[in-house]
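Let's have the full structure, built from the sequences with the hints guiding it.
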Amino acid sequence: MESSHYYRSLTRNMVLIMMLVSFTPLLLISGIIGYQFETSYRQKSLAHLSELVRKHQQNIDSFLIEKLSYIQVLVHSYSPDQLSDEAFLNHKLSVLQQAYGGVFVDLGLVNDEGMQVAYAGKLKLEKANYAQAEWFKRAMKRHYFISDVFLGLRRQPHFIVAVKQEWGGHQSILRATIDFEAFNSLVENIKIGETGSAFILNTAGEFQTMPRVEPFATKEFFLEIFERENRKTTEVETVDHPLGADVLPMVESYSPKEAGKMKDKTVIEGEGEFQGKSFIYVMTPLKGGEWVLVYQQDASDAFSHLYAARKLSIVILMLAGVTIGIISFFVAQKMVHYIESADKEKEMMNEQVIEAGKLASVGELAAGIAHEINNPVAVMVEEAGWMEDLLQEDEFKSGENLAEFERALKQIKTQGARCKEITHKLLSFARKTDPKIRSVELNELLEDIISISEQRARYSNVKIEKQLAEDLPFVNASPSEMQQVFLNLINNAIDAIGTNGGTITVTTRVDGGFAIVDVADTGSGIPKAMLARIFDPFFTTKPVGKGTGLGLSICYGIVKKMGGQISVNSAVGVGTTFHVYVPLPGDTGANENTPPSVA
Amino acid sequence: MNIATVLLVDDEVPFVEAMTRRLTKRNLTVLTAFNGQESLTSLGKNSSVDVVILDVKMPGMDGIDTLREIKKAFPLVEVIMLTGHATVETAIEGMKIGAFDYLMKPCDIDQLMAKVQEAKTKKRKHEEKIIQARIKEIALRRGD
Chain A
1 MESSHYYRSL
11 TRNMVLIMML
21 VSFTPLLLIS
31 GIIGYQFETS
41 YRQKSLAHLS
51 ELVRKHQQNI
61 DSFLIEKLSY
71 IQVLVHSYSP
81 DQLSDEAFLN
91 HKLSVLQQAY
101 GGVFVDLGLV
111 NDEGMQVAYA
121 GKLKLEKANY
131 AQAEWFKRAM
141 KRHYFISDVF
151 LGLRRQPHFI
161 VAVKQEWGGH
171 QSILRATIDF
181 EAFNSLVENI
191 KIGETGSAFI
201 LNTAGEFQTM
211 PRVEPFATKE
221 FFLEIFEREN
231 RKTTEVETVD
241 HPLGADVLPM
251 VESYSPKEAG
261 KMKDKTVIEG
271 EGEFQGKSFI
281 YVMTPLKGGE
291 WVLVYQQDAS
301 DAFSHLYAAR
311 KLSIVILMLA
321 GVTIGIISFF
331 VAQKMVHYIE
341 SADKEKEMMN
351 EQVIEAGKLA
361 SVGELAAGIA
371 HEINNPVAVM
381 VEEAGWMEDL
391 LQEDEFKSGE
401 NLAEFERALK
411 QIKTQGARCK
421 EITHKLLSFA
431 RKTDPKIRSV
441 ELNELLEDII
451 SISEQRARYS
461 NVKIEKQLAE
471 DLPFVNASPS
481 EMQQVFLNLI
491 NNAIDAIGTN
501 GGTITVTTRV
511 DGGFAIVDVA
521 DTGSGIPKAM
531 LARIFDPFFT
541 TKPVGKGTGL
551 GLSICYGIVK
561 KMGGQISVNS
571 AVGVGTTFHV
581 YVPLPGDTGA
591 NENTPPSVA
Chain B
1 MNIATVLLVD
11 DEVPFVEAMT
21 RRLTKRNLTV
31 LTAFNGQESL
41 TSLGKNSSVD
51 VVILDVKMPG
61 MDGIDTLREI
71 KKAFPLVEVI
81 MLTGHATVET
91 AIEGMKIGAF
101 DYLMKPCDID
111 QLMAKVQEAK
121 TKKRKHEEKI
131 IQARIKEIAL
141 RRGD
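Line by line, the protein sequences are chains A and B. If you're matching positions, the first sequence starts at 1 in our numbering and goes up one per residue. If you're matching positions, the second sequence starts at 1 in our numbering and goes up one per residue.
Rather than coming from a laboratory, the hints here were simulated on the basis of the structure. Treat the numbers as computed from the prediction; the structure is a model and nothing was measured. Hints may contain errors.
What the hints assert, rightly or not - Simulated restraints on C-beta separations:
#, chain 1, residue 1, chain 2, residue 2, range
1, A, 397, B, 134, 47 to 55 angstroms
2, B, 110, A, 512, 53 to 61 angstroms
3, B, 133, A, 406, 45 to 53 angstroms
4, B, 131, A, 414, 44 to 52 angstroms
Each residue gets a CB set at the ideal place from its N, CA and C atoms; glycine is no exception.
See below:
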C-alpha cells in the first residue's frame with residue numbers, strides 16, 4: 001500500500017515535470033509571439049481604418065466644399081436681378097442637376113428679411129419665410145453656411161448650403177438644398193466586413209446620415225470620446241478649416257491652397273466597450289469640427305482573421321497539451337513500471353544477500369563456538385589421559401574397579417573425540433578446507449568419492465550406480481570442496497535409504513552452461529515441510545549425536561560461492577534427487593542462464 | 001632417563017598442566033610457557049630445550065609469529081605445532097616457516113610422543129652434522 005502510493009506520486013511528479021518542461025517554452029513562445037502579432041495586427045488594422053476614414057473625411061469635406069463653391073460661383077457671377085428671376089434659377093438648377101445628378105434639389109434666393117424671393121425646384125416654396133429658421137439666422141451672420149440635416153418646411157431630411165452676398169446695401173442669401181440621399185451614400189459607401197459602417201453625428205448628437213448598422217454605443221458615448229480627444233489635439237494645433245464656421249469666419253472663396261489646410265489630422269481611433277460588447281471606432285471631425293464622422297466595427301468582425309488565428313492556435317495548443325499530457329503520462333507510467341520492477345528485483349536480491357549474510361554470520365558464530373569448545377575439550381581429554389596414565393601405577397593395578405575406571409575414561413576420550421569432530425566440522429563450515437581453484441574432472445572426482453563411499457554403502461545394502469556423461473568438460477573448482485559436496489550428498493543418500501537397501505544413482509550431464517550432477521536415492525524422501533529448511537545450518541533429522549546439521553548447508557555455501565546452484569526434488573516414499581549445477585569455465589552463458597531456484 | 005627436553009607453549013593453563021604431567025610421566029623434561037614472549041625468554045635461558053610444542057592460537061603473539069621468532073633465534077630447536085582447528089593453510093604456513101610437524105588438538109598422547117622423539121632425533125642429527133662440520137673445519141685449519 002505504502003509502496004503503491006510512492007509509485008503513484010512518482011508517476012505524478014514525472015508527469016508534472018515533463019508537462020512543465022514541455023509547456024513552459026510552448027506557452028512562452030506562443031504567448032510572446034501571439035501578443036506581438038496581435039498588437040501589431042491591431043495597430044495595422046486601426047491604421048488602415050484611420051487611413052480609410054481620413055480619405056472619406058476628405059471626400060465628404062470636398063463634397064461640401066464643392067457644393068459650396070458652386071453656390072459661391074453663382075452668387076459672385078450673377079446680379080441679384082438675374083438671381084431673382086425664377087426662370088434663370090431654374091436654368092441654373094437644371095445645369096447643376098445635369099452635372100451632379102440629383103444632389104441639388106432646389107435653389108432659392110432669400111432676402112435679408114427671410115423671405116424667399118425666388119425659387120427653383122419641384123417644391124412650391126415661393127415666398128416661404130425663413131426668418132425664424134435656424135440656418136437663416138446663422139447664415140446672416142456669416143458669408144456662407146452649411147446647415148445640419150433637418151426636416152425643415154418640406155418635412156424631408158435635407159441640408160442647406162447658403163451663401164450671403166451684399167448688393168447695394170441689401171443682403172441676400174442664395175441657398176441650395178442638398179439631397180440627403182446623395183450625401184448619405186457618401187458615408188454609406190464605407191462598408192467593411194459584416195459590421196463595419198460609418199455615420200455622421202453633429203456636435204449636438206444628431207445623426208446626419210442614416211447608420212447602416214445600429215450604433216454599438218449611444219451617440220453620447222462617441223461624442224464624449226471625440227470631444228475629449230479633440231480637445232487634446234486642438235489645444236496643440238489650431239485647425240484651420242475652410243468650412244469651420246466659427247474658426248474661419250471670412251473665407252471669400254475656396255482656393256486650392258486652402259484645400260491643403262483642409263486635411264484635418266485629428267483622427268481618433270481606439271477600442272471601446274459598451275454594454276459588454278467590444279468594438280473599434282475611428283472618428284474624425286468634419287465640417288470644421290461641427291460634425292463627426294464615426295466609423296465603427298464590431299471587434300470580433302474587425303479582427304476576425306486575428307481571432308480565427310488565435311482560435312486555431314489555441315486549439316493547436318490544447319491538442320498539443322492533451323497529446324503531451326497523454327504521452328508524458330504513458331512515458332512516466334512506463335518508466336515507473338521499470339523502476340518498480342527494478343526495485344522488486346533489488347528487493348529480491350537484497351533478500352538473497354541477507355540470506356547469504358545470515359548463513360555467513362551463522363558460520364562465523366559456529367567457528368567461534370568451535371574454538372571456544374575445543375580448548376576445554378582438549379583439557380578434559382588430557383586429564384582423562386592423565387588418569388589413564390595413573391591407572392598404570394601399581395597401586396591401582398589391584399583395584400577391583402580398575403576395568404570400570406578404564407572403560408569410563410575410554411568413554412570420556414571417545415566423547416571428546418566426537419566433540420572434536422563436531423568442532424572441526426563447524427570450523428570447516430566457516431572456513432573452506434582448500435579453496436584453491438583448479439581444473440577438475442568431475443567424473444574422475446565422482447568415481448573416487450563413489451569408491452570411498454562404496455564400503456559404507458555395502459553395509460547398508462545400497463548399490464551405487466553411475467551414469468556419467470563421457471564428454472563432460474572440465475570445471476574450475478576447488479577439488480577438496482567438490483569432494484566435500486558430493487561426499488556429503490552421497491552420505492546423506494546412504495543415510496536416507498537406511499538399512500532396507502536401495503539404489504543411489506549418480507548422473508552427470510551438461511545443460512545450458514552448467515555441468516549438472518544429480519544424486520538420486522530411493523530413500524524415504526523429504527517431507528514438504530522440511531524441504532525448505534534442509535539447507536539451513538544445524539537442521540537435521542538424524543538422531544542426536546549422529547548428525548550436526550551442517551552437511552547440506554556447507555554444500556550450499558560451497559556451490560553458491562562458485563556461482564553454481566543446488567536444488568532438490570523429493571517425494572516421500574519414492575526418493576530424493578539433489579541437482580548440483582557447476583558453472584562451466586569461460587562460458588558467458590553461465591551468467592545468462594540462471595539455473596532454476598532452489599525448490 | 002630423559003628422552004628429551006620439551007617446552008610446552010599454550011595459553012590454556014589447565015591444558016599445559018595436564019600435558020606436563022603426562023609428558024613428564026613419559027620421561028620428558030617439560031618446561032612451560034603461557035605465551036609466545038615467555039617461550040622465547042625460556043628458550044634463551046634453557047639451551048637444553050630440544051622440541052617446542054607450540055599452540056597456534058594464542059592471544060597476543062600467535063603461534064605462527066612465535067614460530068618465526070624461534071626459528072630466527074634458535075634455528076636448531078624443532079617445533080611441533082598444535083592446531084585447534086584443522087585448517088590446512090595454517091599447517092602449511094607453519095611447515096613453510098620451518099615447523100617440524102603439526103597435530104590437531106586434542107591429540108593422542110602416543111602420537112605426540114612419537115613426534116617428539118622424531119623431532120629430537122632430527123635435531124640430534126643436525127647437531128651431529130654441525131659438530132662434524134666444525135671438526136672438519138678445525139681439521140682443515142690445522143692442515144693449513
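Structure-based check of each hint:
Here the CB-CB span from residue 397 of chain A to residue 134 of chain B is close to 50 angstroms, well matched to the stated 47 to 55 angstroms. Checked against the hint of 53 to 61 angstroms, the pair residue 110 of chain B and residue 512 of chain A passes, with Cβ atoms roughly 54 angstroms apart. Hint check: residue 133 of chain B to residue 406 of chain A, Cβ distance near 50 angstroms, so the stated range 45 to 53 angstroms holds. Between residue 131 of chain B and residue 414 of chain A the beta carbons are some 46 angstroms apart, a value that agrees with the proposed interval 44 to 52 angstroms.
This entry satisfies every hint, going by the numbered hints stated previously.
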